[in-house]
Each structure stands twice: as C-alpha cells, then as structure tokens.
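Top line first, the protein sequences correspond to chains S, A and C. Per the working numbering, residue -7 is the first one in the first sequence, and the count goes up by one each step. Per the working numbering, residue 59 is the first one in the second sequence, and the count goes up by one each step. Per the working numbering, residue 162 is the first one in the third sequence, and the count goes up by one each step.
What the hints contain is simulated information worked out from the structure, not anything from laboratory work. These numbers were taken from a predicted model, which means no experiment stands behind them. Where is the CB? At the ideal position from N, CA and C, for every residue including glycine. Keep in mind that the hints are not guaranteed to be accurate.
Claimed, not checked - Facing chain C, according to a computed beta carbon distance under 8 Å, are these residues of chain S, among others:
hint, residue
1, Arg113
2, Arg121
3, Met172
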Amino acid sequence: MTTQQQLQRRRPYRPPGQLGGRTPLNGTFKRRATIVGFLAPALIVLAAFVGWPMISALQLSFTDASGFGTPRFVGFDNYVRIFTNPNIVRAMGNTALYAVLFTPVAIIVALVLALMLNSDRLPFRGFFRSSLFLPFIVSLAVAAFAWSYLLDPQIGLLNYWLQTAGIRIGNVLQDPVLAMPTVVLVAVWKSFGFYMVIFLAGLQDIPKSLYEAAQLDGANGWKRFVHVTFPMLSNTMTFVVIVALIAALQAFDQIYVLTGGGPYRSTETIVMQIYQSGFKDLDLGFASALSYVLLIVTLLLSLVQFLFFGRRGEDTTS
Amino acid sequence: MKKLASVIAAAAVLAVGLSGCSGSSGSQSSTGKVALTFWHGYTEADGGVLDQIVKDFNASQDKITITTQTKTWAVIDDTLLPALSSKNGPDLVAMTSDRLPVYAKKHALTSLDEFYSQASSNTASLKPEAVAMETVDGKKYGVPSGFVPLSVIYNKTMFAKAGISTFPTTWDQWVADAKKLTIDANRDGTPEQYGLALPDHATVGNGIWPSLFEGNGGSITNDAGTEATINSQANVDTLTYWAKAIRNDKISPTGLDGIAADKLFTAGKTAMEVGGPWMAGVATASKIDYGIAAIPAGPKSQAASAIGISLAITAQADSNKQKAAEQFLAYFNDKATSTKWSLGSGWPPLRTDVTVADVSSNATVAKLTAISPNTRALLPGVVNSTDVLTAIDTATQKTVAGGDPKQLLDQAQTNITSALAK
Amino acid sequence: MTALTQPRTIPATNTRSKRTRDPVRWLYFAAFLVVTVALMLPVIIIVLTAFKPASEVNAFPPSLFPHQWTFANFKAIFSALPFGRLIANSFGFAGGVTLFALMFDSLAAYALARLDFRGSKILLIVIIASLMIPFQATLIPIYKIVSDLGWVNTFAGLIAPRAADAFGIFFLRQFFISLPRDLDNAARIDGASEWRIFRSIILPNAVPALMTLGIFTFVNNWNDLLWPLVFTTDQKMGTITSGLTLLTGPGGIIPQGIMMAGALIAILPLAIMFLLVQRRFIESVASTGLK
Chain S
-7 MTTQQQLQRR
3 RPYRPPGQLG
13 GRTPLNGTFK
23 RRATIVGFLA
33 PALIVLAAFV
43 GWPMISALQL
53 SFTDASGFGT
63 PRFVGFDNYV
73 RIFTNPNIVR
83 AMGNTALYAV
93 LFTPVAIIVA
103 LVLALMLNSD
113 RLPFRGFFRS
123 SLFLPFIVSL
133 AVAAFAWSYL
143 LDPQIGLLNY
153 WLQTAGIRIG
163 NVLQDPVLAM
173 PTVVLVAVWK
183 SFGFYMVIFL
193 AGLQDIPKSL
203 YEAAQLDGAN
213 GWKRFVHVTF
223 PMLSNTMTFV
233 VIVALIAALQ
243 AFDQIYVLTG
253 GGPYRSTETI
263 VMQIYQSGFK
273 DLDLGFASAL
283 SYVLLIVTLL
293 LSLVQFLFFG
303 RRGEDTTS
Chain A
59 MKKLASVIAA
69 AAVLAVGLSG
79 CSGSSGSQSS
89 TGKVALTFWH
99 GYTEADGGVL
109 DQIVKDFNAS
119 QDKITITTQT
129 KTWAVIDDTL
139 LPALSSKNGP
149 DLVAMTSDRL
159 PVYAKKHALT
169 SLDEFYSQAS
179 SNTASLKPEA
189 VAMETVDGKK
199 YGVPSGFVPL
209 SVIYNKTMFA
219 KAGISTFPTT
229 WDQWVADAKK
239 LTIDANRDGT
249 PEQYGLALPD
259 HATVGNGIWP
269 SLFEGNGGSI
279 TNDAGTEATI
289 NSQANVDTLT
299 YWAKAIRNDK
309 ISPTGLDGIA
319 ADKLFTAGKT
329 AMEVGGPWMA
339 GVATASKIDY
349 GIAAIPAGPK
359 SQAASAIGIS
369 LAITAQADSN
379 KQKAAEQFLA
389 YFNDKATSTK
399 WSLGSGWPPL
409 RTDVTVADVS
419 SNATVAKLTA
429 ISPNTRALLP
439 GVVNSTDVLT
449 AIDTATQKTV
459 AGGDPKQLLD
469 QAQTNITSAL
479 AK
Chain C
162 MTALTQPRTI
172 PATNTRSKRT
182 RDPVRWLYFA
192 AFLVVTVALM
202 LPVIIIVLTA
212 FKPASEVNAF
222 PPSLFPHQWT
232 FANFKAIFSA
242 LPFGRLIANS
252 FGFAGGVTLF
262 ALMFDSLAAY
272 ALARLDFRGS
282 KILLIVIIAS
292 LMIPFQATLI
302 PIYKIVSDLG
312 WVNTFAGLIA
322 PRAADAFGIF
332 FLRQFFISLP
342 RDLDNAARID
352 GASEWRIFRS
362 IILPNAVPAL
372 MTLGIFTFVN
382 NWNDLLWPLV
392 FTTDQKMGTI
402 TSGLTLLTGP
412 GGIIPQGIMM
422 AGALIAILPL
432 AIMFLLVQRR
442 FIESVASTGL
452 K
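If we strip away everything but chain S, and leave its shape as in the complex, we get:
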C-alpha cells in the first residue's frame, strides 16, 4: 500500500444511505437527546464558571467597579483609557513581541525534541521523555530561583563558569534589549515539555505503515517529514499553535517572577497590566475592559491560524 492510498483511507468515510448523511442524524428526538447528553455536563460547568464570569466581566468593563460599593456606568471610558495610556500601548507592543518570539521557538523546540524522542534509534526513551517533561512540572517560583541562580550577573553559576573562560554575559535580565529574549528563553524552557508531549501523542497516532510505505518509495528523512509526518500532524499542529498563541498573549507569571516587567517596563505585558489594574489599583472596570481587548485580538489571530492550518487539518475530518 502506498502512502497516497493510506492517506486516502484516512479521509472521512461517509457510509451510503441513512446512517452517514447529516439530515437523518439531526432529525430524530433521540438523536438530539444524545447530543445534548454528551455536551451537557461540560457545557453546564463552562456556562457557570466561564460563560457567566465572562459576561460579568463584560458588564464591569463599562463601569468604574472596584469590588466595593456600587459600580457606576461609565460607557466606553475604560476602553478610551486603554488606548490613551502610553504604558498600556507599550505593554501591547511587548506582548506582541513576546508572542512573535515565543510561539515559533517553543513549537519548533518541542517538535524537534518530540521527533527525536519518537525515533527508534534513541535508547532510554522513557528516561529522556520524563526528564524533558520536568521543567513543565516544577512550579514557577522554584524555576525562577533556579534561573536567577544561573543568570545572576555577580554570583550566578553561568557567569562564574563563563568567567573562567573569559566571557561575561552581564546582567541580561536588567538589559532593556536583552531582557525580553531572556524571559522568552526561560518561558520556552518552562513550557516546551508540554508541547512536546502533545506532539508525542500526535506522533503516536501516525501509522507506522505510512513511514514504511514512504521508505519503500525511497523517501529520505526530510521527505518523510514533509510528506508524512507534517500533514499527519496537522490536527495536533492546529491545536498547538492556537494554544501556544493564547498562552503567549496571556504571558504573565513567568515574566513577573523574573523581571517584574522591568527594566523600564520593557517586559511588561497586557496581562501584567490587567493584574496591576485589577488587583493593585482595584480598578476592575478597567481591568475587564483590557481583558476584552485582549480577547478580541486573540480571537482574531486564532481565527487566522485556524483558517490557515485548519484548511489542511480538516481534510482528515468531516
């Protein structure tokens, strides 16, 4: 069986007659009850603890709510304040830069490691898989300590080691240019294990026979990746890209513990501003408005991604 045929086989199978089409499935009451039954538990939880809070936040975004006393309706004031506040505008730029750096780097690192871990040629795969997952499971406070132990310009381990070789990396976290790449690096380190495991699960899902067929066809490693692995991973890829993008646009705690947004607000992100205005300035209305701006931007970017990757991804589905 050739690769092409295999791929063909995995295309949606629509059985003839009444079982396969859309209409009869939608028709009956029983059918509807089944669908509702499957969806209800999750949707009830999501409606109560995500949907309703989101609506509350939307309402708050048009008020001067602080969490105390009666909120006053202020129309679009909060939204106007967002775009007239230079700190927020700068945080938006920082967030965009962070997302542009983080998303591709994290995905590529995770994918490369997953491919390597998936190779039969690597002994002790279980050991490696577990080790590489460790950065993801250590808590943030602890990871921050380890990184500052490494990076501290005066007493840090890395500087001490490099110093004997005559190199100084300097105070990277306090350098207005280098701080952002550094926090991205640490964030990639913290999360690549997560994306790697998702890719691993996706790779498990690719039938080995496809590779064997490709090998018989004389495809080399790169060709096998381009023609088998990559297309077969498209569902996983859609997922990872969207999830990584959402995570990047909501970057907060890993940066907060490393630089606190400094130096000179150069690593301050939108969610840091949301946290600051909500929990520090007790300005819930403004924080909510800012959250909605972030939501809309994320949604638009994700839809673009979905269309881009989804076009190929949905081939294997309905």
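Add chains A and C to chain S, keeping to what the hints say.
Leaving out everything else, chains A and C in the frame of chain S:
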C-alpha cells in the same frame, strides 16, 4: 451509561464528603460572642508574638473572639479584594502601608477618625510619623503595627580587614569607606568585592532612593502628596553624586534590585547594604558577623524611609464588629502590649513613651530604636504609589546606567504628576 | 470491529543485538544526553540546593554541588508547614479536577468530533474563545459565584469551576477527529448506540490522549497558585503550592534551601506519575493495534 453515571455519582459523593470535612471556619456567633477574623502577614517569630497578643486579648474579656490567619503580605494583597468583595474577607487586616491608601480610597476600609478621637483608643502616644501612614484624604484608616527605618547592615569581618573601626556618619565618609572596601584585585574593572550594594530599582521597601533624596533636602512629592517635586536641583545633585560613586568608583554593581543586594550581602560579595530589620536573621543564617547602623547623614539631614505595616478594619465589618475590632486596636496600642510587641517582633516601639531603656532586653530593637528618630513614612496618602515608584525606579536605574539625571528626573516629574492626577 | 482489534504488526527490521551495536545509535544517544543535561541544569540546581545548608545557598563562588550535604531543609519544611495536610489537599484538588475534567471533556469532545450537528463548529469556536480571556479577569466573578453557592473553603468550590475546561475539550476533539472514521462507522452500521461507540471504541483508542490530558490537568492544578490562594482563605484548605508561599519571609526573602526541599517533595508525585504514565501510554497505543 450506567457505569458513567455511577462514576459521576461516586465522584459527587466524594466531593461533597470532602467538602464536609473542611467546614467549621469560625462563626461562633451563636454563643453571643462577636467573632472576628484577622489576617496578618507576620510569618516569622513576630507572628507567634502577635498570635499570643490576640490570645491574651481573647482571654482578657468574654465578648469578643478573634481568629488569626497568617498569610504573606503579597498573598494578603492578592486575596483581599476577591475575599472582601464577596464578604468572605477578614474584619481586621494587617497590610503593608503602601497598600493602605488604595484600599481606603476604594472604600474597602472603615475610617478610624472617631476611634482616634477617643482617649480610650490609646492612640495619643503613637508616633506621629507612623500615624502619617494611615492618613488618606485627611482621614485615618489604620493603626500602625510596624514602623521601622531602613538601616545599613555591614560585614564586620570585611570592615576589620579594611581597617575601618567606626561606621561612617556622613555620605562622604560612607563613599570613602565603600571605596576602601571595594576590591578589584585582578584589575579587570569588575570588583570581586563591592563596598556597598546599592540597588538602583525595586529597592528594599522602595525606600532607599527616597531616603537619599531626603538626606540632601529633596523630596518626591509635597507633604500633602498632591504635587510632584522630584525634579528639584537637590535631587539632581543626589542622583549625580551616587551615580558617580557607582559608575566611576564602582562601589556597587549596577542593575541591582533589593533582593539581589540581599543575596550579594549573604554571599559575602559586598561589605554593606541598606536593608530591613529582617536582614539580621538572614545574615546570621549565612554565618556573617554583621553590624547594624543608621543610614549616614546627607548634606542636609539624616533620614531613613520607613517600612510600615498598618492594621485596618475592613468595610465588611458591621458596626458591632467594628466596635469589637476597635477594642482590640485599643488593646494593641496600650503601652504594655506595645512594648511586648516591639520586643517580640524585633521592631522598634510605635509609641513615643517607650524608650530605648524599655526595650534594652532586645539588642536589635534597642539599636533600631536608637536610630529611628528620623524615620519618614514613604509617600503617605498617595493612592497610586505603584506608578510613582516605577517612575522613580526608571530615573534611578537609567541614571546609574549612564543617563542624564536632570533629564530623567524631568521625565519622572511628568510621570509622577500624571500618576498623582489619576 | 474484529478487523480493527487485529494487530497490524510491523515486521521487525532490526534484531535487538544488531540495534545495540549500532554506533550511530549511541552517538545519537550521547548527543541527546548532552542536550538533555543542559536543559535539565535548572532542575539539577533545584534538587541540589535542597541539600545545601543555608549559608551555602547564595554563597560565592557558586557551586552546583553542596560542599556539605544536609537534610536540615527537609526537616525544616515539615516543621514549618503542615505538609501532610497540604499534600492531601493538593491530591484532592488536582485529582478531583482531573477526574471530572476527563469525563466531561471527553463527552463533549466526542459530540464535537463525531456527532455532526448544526452549529458544532461555532460551538467549538465559542469554547476555544473562552480560553482567550485571562483568568485574572474572571477570577473575581468566579469567586463570587462559588461564594454564593456557599462553597468557599470547600473542595466542591475548589473543584467545580475546573470540572470541565475548554482546553481539554479542544485537545480531545482534535485527537478524536484524527481517529479513522471507519472505526465507529462500522459499529454504527451494526446499530451500536453513540454511547456504546464512545465507550467501547473511541475511549479505548483515546487512552494515550486521555492520559496526556490527565497529566496536564493534574500538573496544572497541582502547580496552580492564584486560584487556591484566592479561594482558600482558610489555611487548612491550602494546597502544597499555595502553602509554599508561606515560606516567604519579610522583605520577600525566601529561605531558598527549605523552599527547594519543599518543591522537591511537591513535584515528586508528579514526576513519578509521569514516569508511570508515559510508559503506559506508549504501550497502550501498541496494544490497541490501531497503529
């Protein structure tokens, strides 16, 4: 379907069961007593002393029972808003003084003006500088529970090695000694040992630069906290003076924050740092022979910014609970309790009538008490202190990195002006 | 059905002895080991710091290994915090969330992936969109709801808001749509109910994905700080991650050695779980014979 249903049922039972075993979170109002909850962030030995004071208070009368919850200051700040907004918060709360104006302004705290006006509140003898922290828009919202000056902690071994026997008392002496203590044996331009770890941003209690500004007669805002005054010539001179000491004489690394300075001190990489009273314990754990001294006087005066903690009554407390909480505050302000608290917590006394002699049994407290007369509250009554402090940090860090102090302070002036207007 | 459960065996191209002698294999291994150790450096620092006495943690010159190994930090952590209680709470919270989320998410994901109904795409987008609002923005409304339900400081309140999550639904939906349709359509022709197809065809084939999601959900909640911190005003309900914040002293000073010891104990269950599960999910893929 049966299987799933049973799993869900089992899980639900489990959840309910677990929730059952946790309840009992103190509403003993059925006994006719007023039950108050009190959150504080005293996590060390001081926490034990405070809990004991609360216990003693509970035992001293039979109308009020206070239950304490220990959290860290950061956690209190993160959780107070959600808790209070659904009335699950504390009735009494201790918070760092920089946060008090924000909560007061947003009506999360109850005004204590009436309480202060009563003689029974024992507030008359409180240090006026400490009470200044509690005043927002002319009203008082808290009672000080901590008011301690920033001080210099120094490494005695290094001082002895450099042949310095007395601690400097003026800036010029301070810098001169710091130079002596700065050692660059291999002359690569990066000292192996620094004289003074002087953070240029996020300093301890955010107070180092305000202390230095004040030492030269400068300030950040006017006394009312309504106008920015940071771009004065005095402040330009102060920044120029210290930037020169750091950049040219290399007495301190650049780009430090408060925590990094603490680390350098415990690592034995610096002979001095400006720190909070807790550094004494940290130094002991790191096996460093240390001394504590007042921040040396600037050209105009000796000044030290305070690390302040305040006790406040939240808006969640009804009038009954408020009365009960005030009764506790009065008890806390009492001279005997205040002395006990000072000795147990290691912080200087909050009352003017508790003298060095009264606290001589605790050497650290006696020392801090001796150096505390010129302690100033940091930005009292300023609601948007976060943005003000960021503006200061940006100016100091950029100056130390080589920027022009005048220009940077003008920038800070603009930013602080708009922060105060918010 | 029968055709599917029949293992599609792959002819072993290499015998074991041939594989172990392959030099490229070991070169590959060596290179990978170097990369892994480099990536593990921060983790190694965490582990070794837990065994350093306080005077060595921030000492200069820095050293990876303790000069003097000590267990004092581990002793200190047990006296500083009610560790047993915190760990038990963490298991209750993260375990409870994982259990519910796996059930609810897989049900919903199945509907979205397989029960072609009108609006399923829109519903999926709405569900994904709910991930895009930062948690900081909805935290206070969520807290209010839980408080109105009278669930403050209970496990029910801690778990309920996480009992289903958009991430899990999206994750499983993506996995389910990659499963070949012939799997379930054959059963559908045989007259099997959707529930039966879900339970006896989809779920067994989705074990690796479920395990992956289970691990993620567990780890994320185990390490979550903000929600348990805000939610559990009563320390008795705190989790290990929120409990460790209590170590922070005045001035933000953390006794690092003790903190690392605590963190080490806290991640041990997670590491062991992953070690066990990662084997299981590779095996289970092989045993379903799907691949």
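Taking the hints in turn, this is what the structure says about them:
The criterion of a C-beta within 8 Å of any C-beta in chain C is met by Arg113/S, whose closest approach is roughly 5 Å, and the hint holds. Using the Cβ-Cβ criterion of 8 Å, the hint placing Arg121/S at the interface with chain C is satisfied: the shortest such distance is roughly 5 Å. A hinted interface residue such as Met172/S counts as satisfied when its beta carbon comes closer than 8 Å to some beta carbon of chain C; here the least separation is about 19 Å, so the hint is violated.
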